[in-house]
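Could you build all of it, start to finish, from the sequences and the hints given here?
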Amino acid sequence: MISAKKVSKHYNKKVALDQVDLSIPKGSIYGLLGPNGAGKTSFIRIMNQITAPDSGEVYFGDELLQPRDIARIGYLPEERGLYKKMKVGEQVLYLAKLKGLTSPEAKQRARSWFERLDMVSFWDKKVEDLSKGMAQKVQFVTTVLHEPELLIFDEPFTGFDPINTNLIKKEIKRLNSEGATVIFSTHRMESVEEICDHIGLINNGQVMVEGPLLDIRKKYKSGTYSVVTKEPIEFNNEALVSNEKLHTGYSSILKFDEYPSEVIIDLAKREILVGFEEVLPSVGDIFIDIVENGPKA
Amino acid sequence: MNSPILLIIQREFLTRVRKKTFLLVTLIAPVLFAALMIVPGLLASMPEENKQIVVLDEPSLLLPEVGTEQYALDYLNPTEFDLELAKEFLRNSEKDALLYIPSGEGWDPDFIRKNMLLFGKEDISIDLQRFIENLLEERINKQKLLRQGVDPDVVAQAKTSVSIRSFTLGEEEGSEETSATPLKMGLGYIAGMLIYFFIFFYSVQVMRGVIEEKTSRIVEVIISSVRPYQLMLGKILGIGLVGVVQFLIWIILCTTIYGVVSTFVFPDLLAQSAGAGAPGMGAPDVSNIEGLQIFDMIRSINFPLVLGGFAFYFFGGYFLYSALFAALGSAIDQEADSQQFMLPVTAPMIIAIVTAMNIIQEPNGTLAFWMSMFPLTSPISMMIRLPFGIPIWQVFLSGAILIGTFFAVVGIAGKIYRVGILMYGKKVTWKELYKWLKY
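Quick mapping for you: the protein sequence lines, in order, are chains A and B.
According to the numbering used here, the first sequence is numbered sequentially starting from 2.
According to the numbering used here, the second sequence is numbered sequentially starting from 27.
These are computed hints drawn from the structure, not numbers from a lab.
Any given hint could turn out to be false.
Derived SDA-like pairs (lysine to any residue); straight-line CA-CA distance at most 20 angstroms [as the list claims (entries may be wrong)]:
#, chain 1, residue 1, chain 2, residue 2
1, A, Lys174, A, Glu235
2, A, Lys88, B, Ala426
3, A, Lys133, B, Thr241
4, B, Lys45, A, Met87
5, A, Lys86, B, Thr47
6, B, Lys45, A, Glu91
7, A, Lys126, B, Leu40
8, A, Lys127, B, Thr455
9, A, Lys108, B, Leu33
10, A, Lys85, B, Leu69
11, A, Lys222, A, Leu241
12, B, Lys46, A, Asp125
13, A, Lys86, B, Arg234
14, A, Lys170, A, Lys126
15, A, Lys88, B, Ser242
16, A, Lys86, B, Val43
17, A, Lys133, B, Glu238
18, A, Lys86, B, Lys45
19, A, Lys127, B, Lys46
20, B, Lys45, A, Asp125
21, B, Lys45, A, Gly90
Right, here's the structure in full:
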């Protein structure tokens, strides 16, 4: 859908992006992850053509990114807001027209979104009279109203209340299932793990790892297994990472270099094995692993 | 086609014009202005209460002056009254004030001057005090002249008032024109002030608008749809349009109010008030020129040039300054922070206003020339000079410099703006702004 080839960006000798290669597949929900100051927002601003890269190219589909592609992207920035003195309806129409919609188109779509999200009563209110949660809904609608093929959310869930977070996650999933590609950018890596199918991890302006989330987690697995047993079990110190008593039994985290088939067979024969599962590392774990040990080949 | 700049202009214009404050300012300003023109005349023509003043004139300095209808003078016999008795008399009488003129030793005018006293039942009005002072001044002058052995009548005859008719000698024979200096002064000054006011008022609006977009955090949403320079330009044009509309309404309203008032309400009042209003406002007094002459004078001014110049400097100055103010607004987070940057930007305009009188007095001097070339002062300084008829190459040079500077400034301001609108919570310095140019 959108891809970057060797994109670099400097702010006055400070490197924001260094030869970044990223590729966001069509139809994916893509997590652009990294700590604060990693270069996520710089990259997003380049995709939105708010700033231009110093070098490198960005492709939208198969072609170079063009100014007119703006109308095909919906962007909810981290620093987001609305004109406080303007009426909600007017403002939504204005922003939609800036994205290239005609007046009747904008009106019709806005009405249906307002009905769907149960916000028809906002239409003639001024933004300053809305609660924060209401304003967030309006911001979401302005982001998606022009039916963009690519949706970019920068730190989408900071400041959203739990109800809106769920509502908007649901709407985003729906839009994704209808064909939109979605990019989430956040430093809270755990918050998007459940909805993303692809991730790109960046730090200090460099891509550390990128690809389907499951593949990456498998690649970075460290031979960790979770075993639940009826009775406490004993292992040598190297294998046992931790154990604790649950009300259903005893849970142990174990580490093995190879698949522990003999251990499982043994436990099963003793009829004390209740649960067994391979533990894949979280994105946060992978990030720390890479920062400490470098990326895996 | 939905051109983004047009959409932005439309929004900037409509949101401002629809505000209640816009309506209020637009309607109230001409009323205030009209009041400023009419009220002095109205006050001057109001019949004032008559005052009766008793005078204890020991040296017979004022006698037999009876005063005016408004201030009637009445004398107490100095042989029967002293100051204390006179005060007592004032308390028990219908009279309003008591003037005490002591004779002192040898009727020395300077002693009299220093020791005269004025008592009133109520506060003495400035008008009454001035009336008494003028009267006494004249008498004491006369006394002094007499003591020096000079006949006051001779002095009065020697006093002359000169009023010279001046002409501007044209190149051709017979092209002498009645010199219209006072009118030109007034025209230049008022036009310059209008430009100053317009630039200041509306450029600051541009800055406020930019800050508003920044603090409300809408700006990044907008510039993901339009280019930053489009947003900046749309804002400048939209607010400029608000200004033009407001000015047009003011001109129409003022003319109407003035017209209605002068034809129907107080036909002869305005003749007085035109003279009374002008000096207070600091404009040169043009009320003493006779009607026929004014007609000649008006003909001597190159109106197409003055009007064209006014439109050019009006917009040129506004565009230049509003681009600067837009860049300023982008660099700061709230208006309170704008002070340190405002001063260097507005200083040239303030200097142009401060030097306006010097330029009027010498419209072709060195100061006038350089001020009307420097692009940050030329919209005001050149406008002041224009009615006086200056070499046409200077007008074109000044205009070219202004246009050139405008494009350079828009380029620079656009760069600062582009970076500034996305910077939050940063205390910006001049050095920082310079760095942004290279982002």
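Going down the list of hints, with the structure as the test:
In summary, the hint linking Lys174 of chain A to Glu235 of chain A is not supported, as the alpha carbons are separated by about 45 angstroms, beyond the 20 angstroms threshold. The straight-line distance between the Cα atoms of Lys88 of chain A and Ala426 of chain B is roughly 43 angstroms, outside the 20 angstroms bound, and the hint therefore fails. The hinted pair formed by Lys133 of chain A and Thr241 of chain B meets the criterion: a straight-line CA distance of about 16 angstroms does not exceed 20 angstroms. Of the pairs offered as hints, the one joining Lys45 of chain B and Met87 of chain A holds, with about 11 angstroms between alpha carbons and a cut-off of 20 angstroms not exceeded.
The hinted pair formed by Lys86 of chain A and Thr47 of chain B meets the criterion: a straight-line CA distance of about 13 angstroms does not exceed 20 angstroms. A threshold of 20 angstroms between alpha carbons decides the hint, and for Lys45 of chain B with Glu91 of chain A the separation of about 15 angstroms falls inside it, so the pair holds. As the CA atoms of Lys126 of chain A and Leu40 of chain B are separated by approximately 17 angstroms, the hinted pair is consistent with the 20 angstroms bound. Between Lys127 of chain A and Thr455 of chain B, the direct Cα distance comes to roughly 35 angstroms. Violation of the 20 angstroms bound is thereby established for this hinted pair.
Under the criterion of a C-alpha separation no larger than 20 angstroms, the hint pairing Lys108 of chain A with Leu33 of chain B is consistent with the structure, at around 16 angstroms. Between Lys85 of chain A and Leu69 of chain B the alpha-carbon distance is near 46 angstroms, which puts this suggested pair outside the 20 angstroms criterion. Proximity of Lys222 of chain A to Leu241 of chain A is assessed by CA-CA distance (about 16 angstroms); at most 20 angstroms being required, the pair is judged to hold. Using a Cα cut-off of 20 angstroms, the hinted pair Lys46 of chain B and Asp125 of chain A holds, with the two alpha carbons roughly 17 angstroms apart.
A distance of roughly 14 angstroms separates the Cα atoms of Lys86 of chain A and Arg234 of chain B; the hinted pair therefore holds under the 20 angstroms criterion. Proximity of Lys170 of chain A to Lys126 of chain A is assessed by CA-CA distance (about 26 angstroms); at most 20 angstroms being required, the pair is judged violated. Distance check on the hinted pair: Lys88 of chain A and Ser242 of chain B sit about 14 angstroms apart at the alpha-carbon level, within 20 angstroms; holds. Under the criterion of a C-alpha separation no larger than 20 angstroms, the hint pairing Lys86 of chain A with Val43 of chain B is consistent with the structure, at around 13 angstroms.
Distance restraint check for Lys133 of chain A and Glu238 of chain B: the Cα-Cα separation of roughly 18 angstroms lies within the 20 angstroms cut-off, and the hinted pair is therefore satisfied. The straight-line distance between the Cα atoms of Lys86 of chain A and Lys45 of chain B is roughly 10 angstroms, inside the 20 angstroms bound, and the hint therefore holds. Only pairs whose Cα atoms come within 20 angstroms are accepted, and Lys127 of chain A paired with Lys46 of chain B is accepted, the gap being roughly 15 angstroms. Proposed proximity of Lys45 of chain B and Asp125 of chain A is supported: the alpha carbons are some 16 angstroms apart, at most 20 angstroms.
For a cut-off of 20 angstroms, the pair hint linking Lys45 of chain B to Gly90 of chain A stands: about 17 angstroms separates their Cα positions.
In the structure shown, a violation is registered for the earlier hints numbered 1, 2, 8, 10 and 14, in ascending order.
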